[in-house]
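Assemble the dimeric complex from its two separately framed chains, guided by the hints.
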Amino acid sequence: MDAAERLDLAFAALADPTRRAILARLARGEATVSELAAPFGLRQPTISKHLKVLEQAGLVTHSRDAQRRPRRLVDGALGDVDAWLEALRNQWAARLDNLGAYLDRINAKPKPTRKKRSR
Amino acid sequence: MLMSNETRSKVDRATFTITFERSLSASREQVFDAWTKSEHVTQWWDPTGAPLTECTIDLRPGGAFRFVNQGHGPPFEGAYRVIERPAKLVFDALGSVGTVLLEGRGQSTHLTVTIRCASAEHLEQFVKLGVDAGTDRTLDNLVAYLQKAPN
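One line per chain: the protein sequences are A and B, in this order. Those letters in the first sequence? Residues 1 to 119, by the numbering used here. Those letters in the second sequence? Residues 1001 to 1151, by the numbering used here.
Extracted from the complex, chain B is given alone in its bound form (with noise of 0.2 Å):
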């Protein structure tokens, strides 16, 4: 694993959202592509680093798709929200809801992955009540209680 690219990741436990950002060189649209079609997904989607065995996307909004690991995990599958290559994409997934933004920095691109948890109800919970808890400032000392606290 590349443990030296730097790989910031925020966890908000109170909206069960983590957040990624990458810097990557490779133009929006590349890095859209390699999100959206099959022949890339598969070369780079399993976190074990293997192909994917079965890869399947119907790239528009309601669209399905479904990603199949060699079997040491179940399928990735759900459908596309929101597609506008090259700037963003929406997708629902196993509950969660996936959102990556691609912004151009010169040569290299940007990448923000947001990943908000939960089930579909608690998810919609979650959007609704999240602007309002952001500024809370009770919210915010639970947060900080939690990043403290020992597992």
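So that you can see chain A by itself, here it is in the shape it has in the complex (with noise of 0.2 Å):
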């Protein structure tokens, strides 16, 4: 899977607000399937499909208690979403420079005076 994909993923997996709320749970520390159901109302298939969802786009997965399988978040799990975000940003605020230093290039320069002399 290349990271265009991966991003795919993780997007389409942040896209529904019941795996947001998932996550968020997760980030305080790891939960079995029946302990993530009981807060949102939810049975556990529907928060199965919302987990496997989570797994395939490699944000959750589960510990190796054989029993409980308890859920946690990967380590860095968003860091291609980070640095999708981060570049983009980037650009976007390097265009922005350029935009304000034009307006005072194309503002400056029907002033015939251009640079004081000092004398």
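If you are wondering where the hints come from, they were derived from the structure by calculation, not from laboratory data. In this text, a Cβ means the ideal position worked out from N, Cα and C, and glycines have one as well. There could be a bad hint or two in this list.
What the hints assert, rightly or not - Some chain A residues judged to face chain B by a derived CB distance under 8 Å, without partners named:
| hint | residue |
| --- | --- |
| 1 | M1 |
| 2 | L9 |
| 3 | F11 |
| 4 | A31 |
| 5 | T32 |
| 6 | V33 |
| 7 | R89 |
| 8 | W92 |
| 9 | A94 |
| 10 | R95 |
| 11 | N98 |
| 12 | L99 |
| 13 | Y102 |
| 14 | L103 |
| 15 | D104 |
| 16 | N107 |
What the hints assert, rightly or not - Going by beta-carbon spacing under 8 Å, a handful of chain A positions derived as facing chain B:
| hint | residue |
| --- | --- |
| 17 | V74 |
| 18 | L85 |
| 19 | A87 |
| 20 | L88 |
| 21 | Q91 |
| 22 | A93 |
Unchecked claim - If you want the footprint, here are the derived chain B segments under chain A, 3+ residues with CB under 8 Å:
| hint | stretch |
| --- | --- |
| 23 | 1042-1050 |
| 24 | 1085-1094 |
| 25 | 1108-1115 |
Here it is in structure tokens:
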């Protein structure tokens, strides 16, 4: 899976309020499916379906405990999303810096005096 | 790059929205034209500062634009959604929606640019979910967590 596909999966996984809430819950520590289901008032199969989406997106994994199979966040899970947003942010920040400099330049132009001569 | 200028930007990871605010010493009309007239866009659009090699603008709702740089990145292309000179410009581009808002502040113009990211279908979901999710406390927790988390 390449970075673009991972991003697609991450964006799709995050585009749901229940899945974002599950991530927020797991950010505080691992939890089993039944522990996750209770506060949402959802049935376990529904939670499992959401967890599957989050696992396929590489955001959530389960611990080795074979009995309880608690789920937890993957370390650096949203690294791809973060890096992508950061690159986009830098690009736009540079662009808007250019805009400011450009407007200053064209507004300065009509004035004939460029620089005060020191005498 | 001008780092001294207040380069404020906010990233909302829950909605994949990046917001920028700038204060520009120009009129709203001038700033709007800088966004929508090819002779201006050519001069500032590229983040590297190099002039564009191609800049076509069909300034009407649904009209296409295409900005081509000197080969160091893909063209920026899309279509305009809302054109309200000199207050507002909305466009679709590369799976994101850009909104440009211009407010007069005395001699200067306050510019707010919002880039809402994601592919088209995800974007629609974000728009729909964004409002109710905004007040969701668990979501706030997530956002706070993600802002604290190291990369």
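Cross-check of the supplied hints:
no., hint, in the structure
1, M1, "violated, 16 Å"
2, L9, "violated, 11 Å"
3, F11, "holds, 5 Å"
4, A31, "violated, 13 Å"
5, T32, "violated, 18 Å"
6, V33, "violated, 17 Å"
7, R89, "holds, 5 Å"
8, W92, "holds, 6 Å"
9, A94, "holds, 4 Å"
10, R95, "holds, 5 Å"
11, N98, "holds, 4 Å"
12, L99, "holds, 5 Å"
13, Y102, "holds, 4 Å"
14, L103, "holds, 4 Å"
15, D104, "holds, 7 Å"
16, N107, "holds, 6 Å"
17, V74, "violated, 12 Å"
18, L85, "holds, 6 Å"
19, A87, "violated, 11 Å"
20, L88, "holds, 6 Å"
21, Q91, "holds, 5 Å"
22, A93, "holds, 5 Å"
23, 1042-1050, "holds (count 7)"
24, 1085-1094, "violated (count 0)"
25, 1108-1115, "holds (count 3)"
In this structure, the earlier hints numbered 1, 2, 4, 5, 6, 17, 19 and 24 are contradicted, and the remaining ones agree with it.
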